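A.B. asks: Which chain is which? The protein sequence lines are A and B, in order. As numbered in the working numbering, residues 1 to 359 make up the first sequence, in order. As numbered in the working numbering, residues 1001 to 1361 make up the second sequence, in order.
By construction, these hints were calculated from the structure, which means they are not laboratory data. Treat each hint with caution, since some may be false.
Straight-line Cα separation of at most 20 Å, PhoX-like style, residue types lysine-lysine; simulated pairs [unchecked claim]:
1) A:234 - B:1074
2) B:1177 - A:315
3) B:1153 - B:1177
4) B:1153 - B:1066
5) B:1003 - B:1066
6) B:1355 - B:1341
7) B:1177 - A:310
8) B:1153 - B:1005
9) B:1307 - A:310
10) B:1153 - B:1003
11) A:355 - A:234
12) B:1130 - B:1111
13) A:245 - A:183
14) B:1005 - B:1065
15) A:183 - B:1329
16) B:1005 - B:1020
17) A:310 - B:1167
18) B:1177 - A:345
19) A:184 - A:169
20) B:1177 - B:1275
21) A:245 - A:234
22) A:64 - A:234
23) B:1167 - B:1177
24) B:1342 - A:310
25) B:1111 - B:1003
26) A:315 - A:256
27) B:1307 - A:234
Below, a sample of chain A positions facing chain B; criterion: calculated Cβ distance under 8 Å [as the list claims (entries may be wrong)]:
28) 59
29) 237
30) 294
Source: prediction; values computed, not measured. In this text, a Cβ means the ideal position worked out from N, Cα and C, and glycines have one as well.
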Amino acid sequence: MADVRLENIVKYFGRLCALREMSLQVRDGEFLILLGPTGAGKTTTLRIVSGLEIPDRGEIYINKQSMKGVQPRDRNCAFVFQTYVLYPHMSVYDNIAFPLRSKVWKMDENDIAQRIDRITSILKITHLLKRKPATLSGGEQQRVALGRAMVREPQLFLMDEPLSNLDAKLREGMRVELKSIHKKLGATFFFVTHDHVEAMTLGDRIAVLNQGSIIQVGAPEEIYSYPSSLFVAKFVGNPEINLIKCEVDNNSLQLKNIGVSFPITLFPQLKNKNLPQQILLGLRPEEIILTPRGSMKGEIYLVEDLGVDKIIRVKMNGMVLRIRIACEEYFHVGETVMLDVDTTKAKFFDPITEKSLER
Amino acid sequence: MEKVKVDNLYKSFGEVEAVKHINLSIEEGQFVVILGPSGCGKTTTLRMIAGLEQPTAGDIFVEGKKVTHLHASKRDIAFVFQSFALYPHMTVYQNISFPLEAQRLSRPEIKERVMNVVEFLGIEPLLSLKPKQLSSGDMQKVALGRAMVRRPKVFLMDEPLSGLDAKLREEMRAELKRLHIEINATTIYVTHDQIEAMSMADTIVVMNDGVIQQIGSPQQVYMEPENIFVANFIGSPGMNFLPLVYTGKNTLFRYGPDQEFSHPQLSFLTQIDQKEFILGIRPEYVQISPSGLMNGEIISVEPLGYKNVYAVELPGGIRFMVEDMRTEKYSGQVKLQINWKKACFFTKNDELRIKWSQKNG
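Just chain A, same shape as in the assembly (with noise of 0.2 Å):
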């Protein structure tokens, strides 16, 4: 059992404020990812987590005891870096035994082999324990160096972009085993990342931060279609979320550079708003449907087939509108299409207030 709750965390680096007022909780058991761009804080945190940095002010509890003046080593978490550290000179077996050899643990031998074996079955790593690390691939000296992390153990792992030294198709593998390894462990996964589409696929729930602050916190699908504000509506999502200038009047939305206009009443989540005379309309490549009957026109300006499904670029007047639609359809550059908005899905932000105009 292990849960975690950062409370008003502040933390500067000389002049630096790598954190301010930060609080999040991560639940028993959850894999929670900590997404943000580089420099959000999202390493200071986890090393504030771990005990391996002291915070200038706020609370850490693990299970709701606090860990002010609690060494690093008393806290039963595990930490895995983004680069594996294996002893070169050691076995497979012996890089992951190591822990419980050292004097904190001086565990039996016998005892040591039981839990060696089971961790390796669940990393499917059983066939490499007599091997160097040097022998091994990316994947597997990673796997190597949680089965080191996991051989204690703990309840809380703690996990800072464990797969981005990996290539990408060893990642989407990573992906799978991460996932299931958690499912199987029962432990609490506190796992940080900038790369969106491992946070979405990994993570039970998502927790948002930027320049310090944790900005949303909620299931994938939930940060994807409800961003609360402009920073989660463009961070997550690939291609980038299309954002278009409105402009409101009377009981009219204006698309000022497209030249169209759609009554307000087409937005049941606008009803009963209070708007801004401007707004940003945020709509998903998918979110966007080329259909002959489609009330904006525009012309093709690139294709990109990605196999699975086409990225189209459409330029209106003055903008270039992403778009994602199936393989099967076929459309070349220069050609005239008519374009319309899935309006239930549609997003709406303040461009003063950079919040969404949906709480």
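Starting from the structure of chain A, add chain B where the hints point.
C.D. replies: This is chain B only, laid out in the frame that chain A set:
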């Protein structure tokens, strides 16, 4: 006549054969992407075309002229690197005009060419800045500008986007492709990223272990991969594979430890003088459906917001990735349906795809 021709190229580094038996024929205006994992020989191939590396055997032709032993600077080829090596003490203008200064063009001519290029790339406002004042995307544009200003016969690019963060890479990918549509310069582009290759290339050259695995359009390498390597490397996730053994009865095939199925689409396999095959099917052509032929258990779901990707374990521990556009989520035991029209079949022994001609005959 081909713009670039590579004829039976080999390169060894000591004992290691990095590149073997490479033949390429690139037409004027083509955007060719050499794609493969690290260490496959793609960069070595590119460097030999550029003249930065001498081949152990074989020849390279540019516009019909043999350039195999010509110095890099005499080949009229522009090379854009992964790390955009700009001169830090020079302004953007000076960086871009530098190759022309070296060619001793007149000042007005240099200015005209530089302005043409910067207008095209949309970087006029940056002309008086130094590289360290630029974003990484802008630096990459300046590096491109420096290559474009020479009006070379061929552009060679070695993972030019890999130093950029994901969002910027997407944008630059689109801009590079758009640039190619507009100036139509012959380009050879090296990457390990299959999405870059799929989205930008006219022709993809897939390499592995120093050998070309397949040359084809993005559609061809995606839907008709020559072998298991290409089928797995292209696509994210790659193709699913199911080993099949012919039972000798009608069109009945065995998979996993003790599962069997039969389908008319499998009948051509019974004509082939082998018993073991591998069925290959892309994740978007497998469906979770009560009428499915195969039993499986969902072991994880990857929600992407607009679709879900399931990892499904079949009997015998075979794992299938399944893409599903429906909003409802599935879990536990499911049945999987294969879209047979989109399936590929490979022979077990050499992992090569069985071609249609073989299918029909």
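A.B. asks: Residue 315 of chain A and residue 256 of chain A: Cα distance at most 20 Å?
C.D. replies: Since the Cα atoms of residue 315 of chain A and residue 256 of chain A sit roughly 14 Å apart, the hinted pair holds (cutoff 20 Å).
A.B. asks: Given the proposed pairing of residue 1355 of chain B with residue 1341 of chain B, does the C-alpha separation stay at or below 20 Å?
C.D. replies: Measuring from Cα to Cα gives roughly 14 Å; hence the hint holds.
A.B. asks: Next pair to validate is residue 1005 of chain B with residue 1020 of chain B; report whether the Cα-Cα distance is within 20 Å.
C.D. replies: Status holds; Cα separation ~16 Å.
A.B. asks: Within a Cα-Cα threshold of 20 Å, do residue 1177 of chain B and residue 1275 of chain B meet the stated pairing?
C.D. replies: 45 Å, violated
A.B. asks: Would the pair residue 1307 of chain B and residue 234 of chain A pass a check requiring their Cα atoms to be no farther apart than 20 Å?
C.D. replies: 18 Å, holds
A.B. asks: Within 20 Å, alpha carbon to alpha carbon, are residue 1342 of chain B and residue 310 of chain A?
C.D. replies: 18 Å, holds
A.B. asks: Would you mind confirming whether the straight-line C-alpha gap from residue 245 of chain A to residue 234 of chain A stays at or under 20 Å?
C.D. replies: Given that 20 Å is the threshold and the Cα spacing comes to 15 Å, the pair holds.
A.B. asks: Are the Cα atoms of residue 234 of chain A and residue 1074 of chain B separated by 20 Å or less?
C.D. replies: 46 Å, violated
A.B. asks: Was the hint right that residue 59 of chain A lines chain B, CB cutoff 8 Å?
C.D. replies: 33 Å, violated
A.B. asks: Hey, residue 245 of chain A versus residue 183 of chain A, does the alpha-carbon distance stay inside 20 Å?
C.D. replies: Violated - the C-alpha atoms of residue 183 of chain A and residue 245 of chain A are around 44 Å apart, more than 20 Å.
A.B. asks: What's the verdict on residue 355 of chain A and residue 234 of chain A, does the C-alpha distance respect the 20 Å limit or exceed it?
C.D. replies: 12 Å, holds
A.B. asks: With a cut-off of 20 Å on the C-alpha distance, tell me whether residue 1005 of chain B and residue 1065 of chain B pass.
C.D. replies: 9 Å, holds
The structure does not agree with the numbered hints 1, 13, 18, 19, 20, 22, 25, 28 and 30 stated previously, though it agrees with the rest.
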